[in-house]
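Asker: Residue strings, one per chain:
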Amino acid sequence: EVQLVQSGAEMKKPGESLKISCKGSGYSFTNYWIGWVRQMPGKGLEWMGVIYPGDSDTRYSPSFQGQVTISVDKFISTAYLQWSSLKASDTAMYYCARHADGNTHFAYWGQGTLVTVSS
Amino acid sequence: DIQMTQSPSSLSAYVGDRVTITCRASQSITTYLSWYQQKPGKAPKLLIYGASSLQSGVPSRFSGSGSGTDFTLTISNLQPEDFATYYCQQSYSTPPYTFGQGTKLEIK
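So the protein sequences, as listed, match chains Y and D. Just so you know, the first sequence maps onto residues 4 to 122 in the working numbering. Just so you know, the second sequence maps onto residues 27 to 134 in the working numbering.
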């Protein structure tokens with residue numbers, strides 16, 4: 004069974020750094036793109052970017068390029084989303100999701116990680 | 027980037043009704059269109075991919091159609107568990123693979 008398990012909720016102050024994780028299991032981790040999706044409170048889904056664990060090829064939405072870093076450790080089947088300096092506007096639920104077999108839509112989703120940034 | 031526009035933003039319906047949600051792309055995306063359902067406090071769930079293919083385990087009352095720039099999601103015989111927010115997503119060519127703004131389906 005394919006599973007994506009995300010790290011727990013985080014509460015941070017503006018200016019702090021953060022790295023959240025998404026561990027994949029039940030499939031060959033290196034063979035499928037994994038992406039990140041933001042959902043701000045009460046708002047819709049925003050596609051942030053994807054990474055291919057096999058070679059770490061990464062694609063970002065222009066809206067998020069330079070604002071976050073997506074990375075992966077294929078040896079522990081884990082993808083990451085990180086910020087170097089959080090802002091209050093980064094407060095949101097963040098989902099990781101995996102592409103379908105041979106396709107570019109998200110067939111599997113993590114449970115979400117709530118990030119709250121407040122002074 | 028390809029923009030996705032859903033309509034309506036919200037609608038209300040009765041159990042047993044048939045509803046249609048539309049999604050329009052700013053350029054042709056052939057059939058690279060997916061639909062997701064999201065319930066409060068839960069991750070999105072894939073319903074339809076390739077514009078009209080039903081994801082395994084999804085009830086047959088959900089159906090999708092369209093190609094090019096115009097797409098529809100139809101839910102027949104609405105059930106209480108179908109009241110949720112629905113999103114379309116294009117995944118054509120190169121990223122970013124943008125989502126529509128969502129349609130909230132409420133019980134009348």
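For the record, the hints were derived by calculation from the structure and aren't laboratory data. There's no promise every hint is true.
As a list, the in silico DSS-like pairs of lysine-lysine whose alpha-carbon atoms are at most 25 Å apart [said to hold, decoys possible]:
#: 1; chain 1: Y; residue 1: Lys90; chain 2: D; residue 2: Lys134
#: 2; chain 1: Y; residue 1: Lys15; chain 2: D; residue 2: Lys71
#: 3; chain 1: Y; residue 1: Lys90; chain 2: Y; residue 2: Lys15
#: 4; chain 1: Y; residue 1: Lys16; chain 2: Y; residue 2: Lys77
#: 5; chain 1: D; residue 1: Lys130; chain 2: D; residue 2: Lys71
#: 6; chain 1: D; residue 1: Lys130; chain 2: Y; residue 2: Lys46
#: 7; chain 1: Y; residue 1: Lys22; chain 2: D; residue 2: Lys134
#: 8; chain 1: D; residue 1: Lys134; chain 2: Y; residue 2: Lys26
#: 9; chain 1: Y; residue 1: Lys77; chain 2: Y; residue 2: Lys46
#: 10; chain 1: D; residue 1: Lys134; chain 2: Y; residue 2: Lys77
#: 11; chain 1: D; residue 1: Lys71; chain 2: Y; residue 2: Lys26
#: 12; chain 1: D; residue 1: Lys130; chain 2: Y; residue 2: Lys77
#: 13; chain 1: D; residue 1: Lys130; chain 2: Y; residue 2: Lys26
Asker: Take the hints in turn and mark each one as holding or not.
Answerer: Structure-based check of all given hints:
1. With a C-alpha separation of about 39 Å, the suggested pairing of Lys90 of chain Y with Lys134 of chain D is violated against the 25 Å cut-off.
2. Distance hint between Lys15 of chain Y and Lys71 of chain D is unfulfilled; the C-alpha atoms sit about 29 Å from each other, more than 25 Å.
3. Restraint check: the Cα-Cα separation between Lys90 of chain Y and Lys15 of chain Y comes to about 9 Å, which is no more than 25 Å; the hinted pair holds.
4. Distance restraint check for Lys16 of chain Y and Lys77 of chain Y: the Cα-Cα separation of roughly 30 Å exceeds the 25 Å cut-off, and the hinted pair is therefore not satisfied.
5. With a CA separation close to 15 Å, the supplied pair Lys130 of chain D and Lys71 of chain D stays within the 25 Å bound.
6. For a cut-off of 25 Å, the pair hint linking Lys130 of chain D to Lys46 of chain Y stands: about 11 Å separates their Cα positions.
7. For the proposed pair Lys22 of chain Y and Lys134 of chain D, the alpha carbon gap of about 42 Å is over 25 Å, so the pair is violated.
8. A C-alpha spacing of about 40 Å is found between Lys134 of chain D and Lys26 of chain Y, which places the hinted pair above 25 Å, so the restraint is violated.
9. Note on Lys77 of chain Y and Lys46 of chain Y: the hinted pairing is violated, with a Cα-Cα distance of about 32 Å set against a maximum of 25 Å.
10. With a CA separation close to 48 Å, the supplied pair Lys134 of chain D and Lys77 of chain Y exceeds the 25 Å bound.
11. Distance check on the hinted pair: Lys71 of chain D and Lys26 of chain Y sit about 18 Å apart at the alpha-carbon level, within 25 Å; holds.
12. A C-alpha spacing of about 38 Å is found between Lys130 of chain D and Lys77 of chain Y, which places the hinted pair above 25 Å, so the restraint is violated.
13. About 31 Å separates the Cα atoms of Lys130 of chain D and Lys26 of chain Y, which puts this hinted pair outside 25 Å; it is violated.
When held up to the earlier numbered hints, the structure conflicts with 1, 2, 4, 7, 8, 9, 10, 12, 13 and fits the remainder.
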